[in-house]
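Asker: My numbering applies: residue 440 is where the sequence shown begins, and numbers increase by one.
It should be emphasised that the hints constitute simulated quantities derived from the structure, not laboratory data. Just so you know, nobody snuck in bad clues.
Derived DSSO-like pairs: lysine-lysine, alpha-carbon spacing no greater than 30 Å straight-line:
id : residue 1 : residue 2
1  : K652      : K757
2  : K891      : K903
3  : K442      : K561
4  : K472      : K539
5  : K485      : K561
6  : K485      : K539
7  : K518      : K452
8  : K518      : K553
9  : K636      : K551
10 : K442      : K452
11 : K539      : K452
12 : K652      : K692
13 : K472      : K636
14 : K485      : K553
15 : K764      : K636
16 : K903      : K850
17 : K485      : K551
18 : K551      : K452
19 : K639      : K764
20 : K698      : K850
21 : K553      : K472
22 : K903      : K854
23 : K692      : K757
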Amino acid sequence: MEKLNNYLQLLSKLARCNDIYLVGGLIRDLLLKIRGEVLDCDVVIKGNVRQISKEFSNRLSATWFVLDEVNQIYRVVIKDSNLRFDFAPLRGNDIHEDLKSRDYTINALAVKIKDKLTLEEKDIIDPLGGLEDLNRRIIKAICEENLIADPVRILRGVSLSSELNFDIEEHTLGLLSRHAGLLVEVPGERISEELFKILKHPHSGKYFGLLNKLKILDVIFPSWENLRTPPPGPYHHLPIDEHSLETLRCLEKAWPEIKEHEELLAYIEENVREGRRRYDVLKLGCLLHDIGKPPAYHVEDGKLKFTGHEKIGAEITKRICQRLKFSNRETDMLYKYVYYHLRPGFLVDCIQISRRAVFRYFRDTAEEAVAILLLSLADKEATRGELADEQDIVRHRMVIWELIRNYFSKKEEVKPPRLVTGWDVMKVLNIPPGPVVGRILREVEEAQAEGKITTREEALNYIKIIYNQIRNADVEK
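All chains should be built: construct the whole structure from the sequences, respecting the hints.
Answerer: What follows is the structure in structure tokens.
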């Protein structure tokens with residue numbers, strides 16, 4: 440707070456006779472005694488915003504950059520500080536008009552910047568009853584027109600609810616549902632920013648359930664509304680959209696067990712992008728894992744079938760990622776979650792799981808192998824139809840956890856050290872580069888995983904055996 444006051448004192452001097460205010464979320468969070476990793480300070484100025492913000496940055500040797508030149512919005516990031524300042528011009532004739540143009544009453548609070556920040560009620564400008572709504576712990580839209588003017592505010596209502604654990608007022612819920620379709624106009628990166636705020640909540644399934652009820656997911660994830668059409672099938676007790684939400688909830692219920700394993704916890708909490716954990720991306724994977732079921736749905740011999748839904752779903756997921764401007768890594772992760780989500784179940788269904796099958800699974804799924812195991816675990820727990828067998832669910836749970844433990848404790852079986860290279864294959868067989876080299880290397884790796892070969896010498900001999908088998912098979916063709 441002392442540092443913040445020092446910065447505000449500087450701003451007060453730089454503003455000179457201009458009206459300058461601290462507004463919005465920071466005031467709300469300070470009143471609620473919420474301390475985030477980064478404190479976003481929103482400053483509005485009646486005056487030359489560019490000049491004042493740039494001078495402020497120069498005085499602090501901070502980084503200044505443009506967020507929106509047309510609307511004169513600038514950001515100052517201070518080195519070695521958790522404070523970040525966003526500057527914008529005052530909207531309207533005075534601060535009251537500015538606050539009335541915002542999204543929710545609890546964000547329509549302002550304090551005039553002086554030498555020291557005080558949060559006494561007499562110092563807070565609150566034309567719309569935001570302080571009362573803070574005390575009542577409710578999210579209330581200022582007016583319908585403000586949501587229409589910037590539709591990302593529709594999604595922000597739910598993200599605010601998740602961040603603050605506030606309820607959304609009934610009339611506001613109606614507005615969010617009525618105008619959900621406007622989200623199609625919002626740039627993907629703004630939508631994903633709000634989505635990941637929700638995903639950070641330990642019980643985000645509750646809020647995605649609300650997004651589903653309000654039909655907001657239908658807009659964010661094209662194809663989502665189609666999940667309500669096909670019947671769920673005898674193994675499922677819920678429609679596909681509700682099953683997807685239940686899968687997310689089941690993953691979150693597994694969190695106490697996940698955090699008991701130190702290496703697993705570090706793996707699942709790895710940041711794949713600033714502020715986004717693997718766990719957050721995996722939660723999205725739970726939501727999207729069956730997105731390909733509607734186009735794959737057909738009836739065969741009187742039975743419901745969804746053959747190939749994982750492949751169709753992976754392609755749909757890729758398009759969703761492109762729309763939401765996800766990074767290449769996030770897109771690749773989600774693609775794998777959907778494409779491979781059935782693979783662990785195939786392993787569990789084996790009477791005796793071979794080391795070769797386990798090796799192939801971990802080889803194909805690579806870094807996301809454990810995440811996909813957790814997805815499979817949650818998917819199975821969320822499948823409780825009339826044909827679902829409790830013993831199968833228990834066995835599935837046991838095998839999945841054993842595979843996860845083995846991944847961290849028996850890495851030589853999951854990814855054994857390479858005994859030979861492609862150059863070795865070409866040298867031993869006197870052949871040029873080509874697909875055969877890769878095929879032989881894969882056979883060697885699988886034999887090594889099974890324990891058939893353990894030394895480099897054995898691997899070099901095995902190369903010849905495999906090559907002869909390939910040649911003989913080609914001759915027989």
